[in-house]
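Which chain is which? The protein sequence lines are A and B, in order.
Take any residue in the first sequence, count from 1 to its spot, add 301: that is its number in this note's numbering.
Take any residue in the second sequence, count from 1 to its spot, add 5: that is its number in this note's numbering.
Keep in mind the hints are simulated off the structure, nothing from the lab.
Remember, it's a predicted structure, so these values are computed and weren't measured experimentally.
Glycine included, every Cβ here is placed at the ideal spot set by N, Cα and C.
Each hint should be verified, as a subset may be incorrect.
[To be verified] Incomplete in silico selection of chain A near chain B, CB under 8 angstroms:
#  : residue
1  : E441
2  : R442
3  : L443
4  : A460
5  : H464
6  : Y467
7  : A608
8  : A612
9  : A613
10 : R614
What follows is each chain in one-letter form.
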Amino acid sequence: MTGWRVDVGFAGGEAEAEVARIAAALRDTVLGRLRRRGAVVALSGGIDSSVVAALCVRAFGADRVLGLFMNEAESAPDTARLARGVAERLAIATTDEPIAPILEAVGCYARRDAAIHTVIPRYRAGWQCKLVLPCVLDGERLRLFSIVVQSPDGEQIVARLPHAVYLQVVAATSFKQRVRKMLEYYHADRLHYAVAGTPNRLEYDQGFFVKNGDGAADVKPIAHLYKTQVYQLADLLGIPDEIRARPPTTDTYSLPQTQEEFFFSLPYDQMDACLLARDHGIPPALVAEALGLTPDQVARVYRDIDAKRAAARYLHAPPLLIDPLGIPGGWGP
Amino acid sequence: MYDDPTDPQRHLRDFIVTNFYIPDGQPLDEVTSFLDAGIIDSTGVLELVAHVESRYGITIADHELIPSNFDSIGALARFIQRKRGSDGGSNDRLAR
Chain A
302 MTGWRVDVGF AGGEAEAEVA RIAAALRDTV LGRLRRRGAV VALSGGIDSS VVAALCVRAF
362 GADRVLGLFM NEAESAPDTA RLARGVAERL AIATTDEPIA PILEAVGCYA RRDAAIHTVI
422 PRYRAGWQCK LVLPCVLDGE RLRLFSIVVQ SPDGEQIVAR LPHAVYLQVV AATSFKQRVR
482 KMLEYYHADR LHYAVAGTPN RLEYDQGFFV KNGDGAADVK PIAHLYKTQV YQLADLLGIP
542 DEIRARPPTT DTYSLPQTQE EFFFSLPYDQ MDACLLARDH GIPPALVAEA LGLTPDQVAR
602 VYRDIDAKRA AARYLHAPPL LIDPLGIPGG WGP
Chain B
6 MYDDPTDPQR HLRDFIVTNF YIPDGQPLDE VTSFLDAGII DSTGVLELVA HVESRYGITI
66 ADHELIPSNF DSIGALARFI QRKRGSDGGS NDRLAR
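Sequences and hints are given; from them, build the entire structure.
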């Protein structure tokens with residue numbers, strides 16, 4: 302094999318055809334199989350939730366889509382404004398559900414901060430924080446999480462996280478995604494709608510979600526699409542330029558954090574290409590040439606893809622039964 | 006239990022078997038790769054690092070967190086021996 306061309310995106314009229322295909326599949330799934338009459342979409346101001354909302358409007362009409370705004374104390378400052386802009390563009394009904402009071406009550410921030418305090422005693426309420434991983438491209442280092450904290454006057458401290466502290470920080474932070482999902486299902490039940498999840502292929506495949514948090518949904522309309530393709534649909538569906546130009550963020554920790562630095566280690570277009578190449582058995586040397594990386598770097602990305610897939614098996618697993626029941630109609634495992 | 010201070014392999018093997026799931030038929034010798042065999046994932050590595058630091062009284066620097074030091078019982082035992090030789094890690098935690 303000589304030469305490999307990165308070819309992740311839709312060509313010609315494929316994007317328009319894909320929009321029509323997804324809209325038809327959503328109608329079949331939500332109206333026909335799930336017997337619900339519309340969709341709830343949590344709007345984050347990011348590209349994925351914006352595209353999912355627009356696809357739901359294509360499928361069900363604007364009067365059968367509810368957009369939810371669920372900001373919390375540490376949401377990025379422009380999240381609410383961007384999410385509102387999408388809802389206005391799509392002319393859908395919306396509801397504000399600020400989740401900070403629920404997160405305070407359940408101890409999300411306090412439990413996380415208590416864990417961080419054990420490794421950085423100076424850390425206290427009012428400081429900002431985020432988790433970081435070494436970049437997969439930078440040599441053979443094992444990828445262990447560190448915490449970065451920043452005082453109100455800008456001083457930063459970095460510390461590697463012991464196992465128990467890491468687990469508690471993640472467990473406490475995951476309240477954010479799980480509280481949001483609880484509210485999505487409240488509104489879905491109230492309106493007899495389905496909950497539309499917003500993961501793209503990278504997130505779904507690599508396990509970049511919280512189990513029973515943003516990983517939960519009745520239907521996931523873009524889980525088969527590479528991020529490159531999601532951007533193409535966004536263009537077609539009229540998602541505002543400002544959202545299409547914004548780097549994908551986690552919007553989970555109080556310090557700004559892109560998905561690239563937190564999880565993927567590569568810009569989304571390169572990550573798309575590596576995932577596609579990994580699944581098609583393209584040798585690292587050819588991918589490296591096409592992406593401007595070294596063969597060793599691509600080999601490390603391949604190993605990281607495999608490791609994340611292994612870790613994602615638990616996240617994707619439904620509740621497991623000791624004896625499968627084989628219920629007629631086929632919803633049982 | 007008392008470790009032979011010159012060879013932590015037996016203790017490391019006990020720790021791995023006790024704390025991680027080893028499927029029936031999965032060999033675990035001194036060269037079995039933890040990551041390739043699916044015995045330890047990235048969260049498990051955190052647990053292993055914390056345990057080694059605590060038990061052997063050593064501090065592991067970021068640049069030492071590489072597979073060639075951590076990915077098998079043999080590699081890890083040799084790394085611990087080197088560290089204890091170079092930073093004088095304490096022996097008083099070994100007689101647990």
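Taking the hints in turn, this is what the structure says about them:
Using the Cβ-Cβ criterion of 8 angstroms, the hint placing A:E441 at the interface with chain B is satisfied: the shortest such distance is roughly 5 angstroms. The criterion of a C-beta within 8 angstroms of any C-beta in chain B is met by A:R442, whose closest approach is roughly 5 angstroms, and the hint holds. Look at A:L443: its Cβ gets to within about 4 angstroms of chain B, closer than 8 angstroms, so that hint holds up. Annotation: A:A460 was flagged as interfacial toward chain B, and the flag is violated, the nearest CB pair being 11 angstroms apart, outside 8 angstroms.
Hint on A:H464 holds. Least Cβ distance to chain B is approximately 4 angstroms, under the 8 angstroms limit. At a threshold of 8 angstroms, the smallest CB-CB gap from A:Y467 to chain B is about 6 angstroms, leaving the interface hint in force. Interface hint status for A:A608: upheld, as the beta-carbon distance to the closest one in chain B is roughly 7 angstroms, under 8 angstroms. Contact between A:A612 and chain B, as hinted, is supported at the beta carbon level, the nearest pair being about 5 angstroms apart and thus within 8 angstroms.
Hint status for A:A613 relative to chain B: violated, with the closest Cβ pair at about 11 angstroms, above 8 angstroms. Annotation: interface hint on A:R614 violated; nearest CB of chain B at approximately 10 angstroms, more than 8 angstroms.
In this structure, the earlier hints numbered 4, 9 and 10 are contradicted, and the remaining ones agree with it.
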